[in-house]
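Chain by chain, the residues run as shown.
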Amino acid sequence: MTSQLDHFLAALASFASFATLFNVLGATFIGIVIGALPGLTATMGVALFTTLTYTMEPNQAILVLICVYVGAIYGGSRSAILLNIPGTPANAATTLDGFPLAQQGRAGFAMGIATTSSAIGTLIGIVFLLLLAPPLAELALRFQSYEFFWLAVFGIVIAGLMCAADDPLKGWIAGILGLLAAMVGQETIHAYERFSYGVTDLAGGFNLIPVLVGVFGLAEVLTVMRDPPAVLATTKLDRVVPRLSDITRYWRTIIRSGLIGTGIGIIPGVGEDIGAWVSYAAARRASKEAHLFGKGSVEGLTAAETGNNAAIPGAIIPVLTLGIPGSAPAAVLLAAMFIHGVRPGPLIMQEAPEFVYGTVIMLVLATLAMAFLGLALARPLLYVLRVPRHVMMPIVFVLCVIGPFAISQRLFDVWVMVGFGLVGFVLREMKYPMAPLVLGVILGDILDKNLRRALTLADGDVSIFFTRPISAVLWGLTLLLILGAVPQVRALVARAFRRRPRSASAP
Amino acid sequence: MSDPDKPTLARHDLWTGLALALLGLATAEESWRMPRLEERGIDPWTAPGIVPGVLGAALAVLGVVLALRAAKEVRAAPAARPVRIFGEGDARRRFLVALALNLVYACLLVGRIPYAAATAVYVFAFMAVFGLEPRRPGVLARLAVFGLVTAAATAGVIYLFETLFLVRLP
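Listed in order, the protein sequences are those of chains U and D. Counting along the first sequence from 1, when you hit position 124 you're at 124 in this note's numbering, and nothing is skipped either side. Counting along the second sequence from 1, when you hit position 108 you're at 108 in this note's numbering, and nothing is skipped either side.
Mixed in with the good hints there might be a few duds.
[What the hints assert, rightly or not] Below, simulated DSS-like cross-link-like pairs (lysine-lysine); rule was C-alpha separation at most 25 Å, straight line:
hint: 1; chain 1: U; residue 1: Lys431; chain 2: D; residue 2: Lys6
hint: 2; chain 1: U; residue 1: Lys236; chain 2: U; residue 2: Lys295
hint: 3; chain 1: D; residue 1: Lys72; chain 2: U; residue 2: Lys431
hint: 4; chain 1: D; residue 1: Lys6; chain 2: D; residue 2: Lys72
[Unchecked claim] Footprint (simulated), chain U over chain D, 3 or more residues, beta carbon under 8 Å:
hint: 5; stretch: 12-26
hint: 6; stretch: 33-46
hint: 7; stretch: 58-69
hint: 8; stretch: 73-82
hint: 9; stretch: 101-108
hint: 10; stretch: 156-164
[Claimed, not checked] Sample of chain D residues with no beta-carbon within 12 Å of chain U, all distances over it, derived:
hint: 11; residue: Asp5
hint: 12; residue: Ala98
hint: 13; residue: Arg135
hint: 14; residue: Pro137
hint: 15; residue: Gly138
hint: 16; residue: Val139
hint: 17; residue: Val145
FYI, nobody ran anything at the bench for these hints, they're computed from the structure. For each residue, glycine too, the CB sits at the ideal point set by N, CA and C.
Full structure from sequences and hints, please.
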């Protein structure tokens with residue numbers, strides 16, 4: 001306990017500087033602007049800032065990225081409320097009640113509620129990060145190649161299922177495409193070049209940042225330019241700072257959404273958008289005012305914004321303890337940690353416990369800055385939303401091109417960005433979710449290495465994959481998820497349950 | 001009951017499913033042909049082709065399932081209008097122009113002509129193409145504003161990456 005406190009105090013001391021204050025305020029503000037602008041997502045913001053911070057000292061660089069992440073997920077509520085366009089996918093549920101509130105002349109109030117809900121949601125998630133990361137890291141120490149293999153399979157299956165709830169088949173296809181993309185280039189056991197066809201650049205494989213900037217950057221620029229321009233619901237704001245009673249009135253919803261958001265965030269690849277949707281659906285089911293949902297319900301808005309922000313610390317929990325991202329922006333954060341020499345994973349509590357506590361402090365600082373800037377700069381941020389897209393988008397694309405180039409200094413990464421951007425655009429339009437694809441690119445190496453290592457350890461005996469306790473839980477869950485998504489199996493189970501009461505009552 | 005006038009993805013899914021199945025089979029076949037590295041005394045369970053082979057086979061199976069499902073939907077509603085992925089009318093025009101400008105910048109200009117010139121030409125052209133409405137007065141004033149924004153954006157990006165981050169620009 002004392003050593004944990006020592007690590008916490010050491011981490012706190014490392015952030016006591018003017019540079020920290022400057023970076024926190026600046027990065028959170030830019031994050032809010034990125035989130036607020038339709039076409040700029042949190043993933044892309046964190047990816048671009050990874051390229052902008054790679055010369056910084058590691059602690060400050062990760063701090064900046066976390067501030068951008070928190071700011072962007074929150075900032076997306078601005079355009080959701082004022083334009084009826086979610087600034088990031090995480091704010092899609094916010095549009096349902098945020099925009100009607102703006103149309104009713106309560107845009108300022110909606111923005112205030114979104115700010116406080118986001119802040120409380122992040123804080124709930126932070127508490128769970130603090131509580132869960134150390135024991136989870138300890139549990140992860142028991143993971144061997146078998147468990148990491150199943151964890152990768154489970155991640156792809158659940159991400160595919162939850163990110164494409166109405167068509168999991170497409171979610172799984174996206175995940176496998178991501179895994180296959182990760183197979184290109186030199187593999188890590190024997191350094192054999194797969195699918196490189198003698199091209200030197202391909203032998204290096206696809207880096208995560210160009211892939212991410214492509215599917216979340218170029219694809220989004222093309223979507224924004226294709227769709228008709230958005231119109232602001234109002235340019236006048238009512239009172240922005242909410243009263244205490246406005247917040248405490250829905251305390252049950254806030255706590256429920258915070259818990260749901262954090263839990264969804266922890267699941268590999270399933271991020272803030274699903275956190276918001278599931279929180280919103282749960283709030284509507286439990287609400288006495290369910291009829292107001294979708295017509296300007298303050299409770300609905302509270303649930304969506306608490307749920308998406310709570311998913312941020314949730315998504316960082318598996319990053320720190322397993323080296324597996326909980327969401328797409330967390331995937332970039334994971335890549336950035338590796339770039340800066342931090343090795344998250346099961347050994348983190350042994351190797352760098354102060355980094356875990358440092359992450360908690362970074363999230364708290366980002367939350368405070370987000371709440372302050374969100375409430376204080378409500379009016380100036382209105383002007384940001386009025387910047388025309390024909391001015392914003394070319395500058396965004398210039399950053400999409402130079403960002404990936406800056407990390408590796410090779411034009412090949414620009415072409416990778418373009419290629420994945422075009423494929424990503426077409427796949428998105430055909431309702432393939434991008435989060436499982438990105439997760440696949442990250443998990444590909446983990447899956448590949450651990451399956452082959454485990455097969456060698458077991459000397460080809462696959463039974464051990466199914467009998468070890470943690471493996472059994474993981475493959476059991478995976479199988480249940482797959483079977484549950486097959487309509488024929490669902491129908492069979494439903495029929496069995498319908499039949500049982502009748503046969504029980506039969507003489 | 002689904003709306004019969006609503007465009008569907010069934011035909012796209014049918015062709016995509018078939019393409020994915022082919023891609024999966026090709027990947028599995030190529031993985032099978034990868035060396036097992038026995039001459040280096042390497043454990044056959046660590047052969048490089050194992051995982052891509054399994055993934056290729058899985059993709060082929062999912063592709064076939066997608067194609068079969070889509071074929072059923074197409075048979076059920078043969079006259080259904082397919083979704084226009086690139087939009088229609090003005091939306092399609094805006095998409096194609098944005099795509100062309102982005103591709104020319106990223107694949108043809110960057111790396112071939114000086115970075116500052118490539119970026120300035122692209123940013124100004126993008127703003128002029130999408131931001132000018134010929135019938136509205138003040139074309140020259142707007143062009144001047146676009147010029148200023150182009151200069152500021154280009155100089156800003158170059159300063160940031162070249163001077164602050166010490167990146168050798170393409």
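Task: Interface-negative label, glycine 138 of chain D against chain U, beta-carbon threshold 12 Å - done: Its Cβ never comes within 12 Å of chain U, the nearest being 14 Å, so this holds.
Task: Beyond 12 Å from every chain U Cβ - status for aspartate 5 of chain D - done: Check passes; 19 Å lies beyond 12 Å.
TODO: Decide, holds or violated, for the assertion that all CB atoms of chain U are farther than 12 Å from the CB of arginine 135 of chain D.
DONE: 17 Å, holds
Open item on the list: Just to make sure I understand the rule, a stretch counts as covered if three or more of its residues have a C-beta closer than 8 Å to a C-beta of the chain. Does the stretch 58-69 of chain D meet that for chain U?
Closed with: Held - the stretch 58-69 of chain D has 7 residues with a Cβ nearer than 8 Å to chain U, which meets the minimum of three.
Open item on the list: Against the 25 Å threshold, does the CA-CA distance of lysine 6 of chain D and lysine 72 of chain D hold or violate the hint?
Closed with: 17 Å, holds
Open item on the list: Beyond 12 Å on every Cβ pair: is that true for valine 139 of chain D relative to chain U?
Closed with: 14 Å, holds
Task: Residues of the stretch 101-108 of chain D with Cβ under 8 Å from chain U, three needed, outcome - done: Result for this restraint: holds, n = 6.
TODO: Examine the stretch 12-26 of chain D for residues whose CB is less than 8 Å from any CB of chain U, and state whether their number is three or more.
DONE: Coverage by chain U holds here, the residue count being 4 at a Cβ distance below 8 Å.
Open item on the list: Just to make sure I understand the rule, a stretch counts as covered if three or more of its residues have a C-beta closer than 8 Å to a C-beta of the chain. Does the stretch 73-82 of chain D meet that for chain U?
Closed with: violated (count 0)
- [ ] Test the statement that proline 137 of chain D is away from the interface with chain U: the closest C-beta pair must be farther apart than 12 Å.
- [x] Given a closest Cβ separation of 17 Å, the condition holds.
Task: No chain U beta carbon within 12 Å of alanine 98 of chain D's - done: 4 Å, violated
- [ ] Report holds or violated for chain U covering the stretch 33-46 of chain D, Cβ cut-off 8 Å, minimum 3 residues.
- [x] holds (count 8)
Hint violations for this structure: numbers 8, 12 and 17, all remaining hints satisfied.
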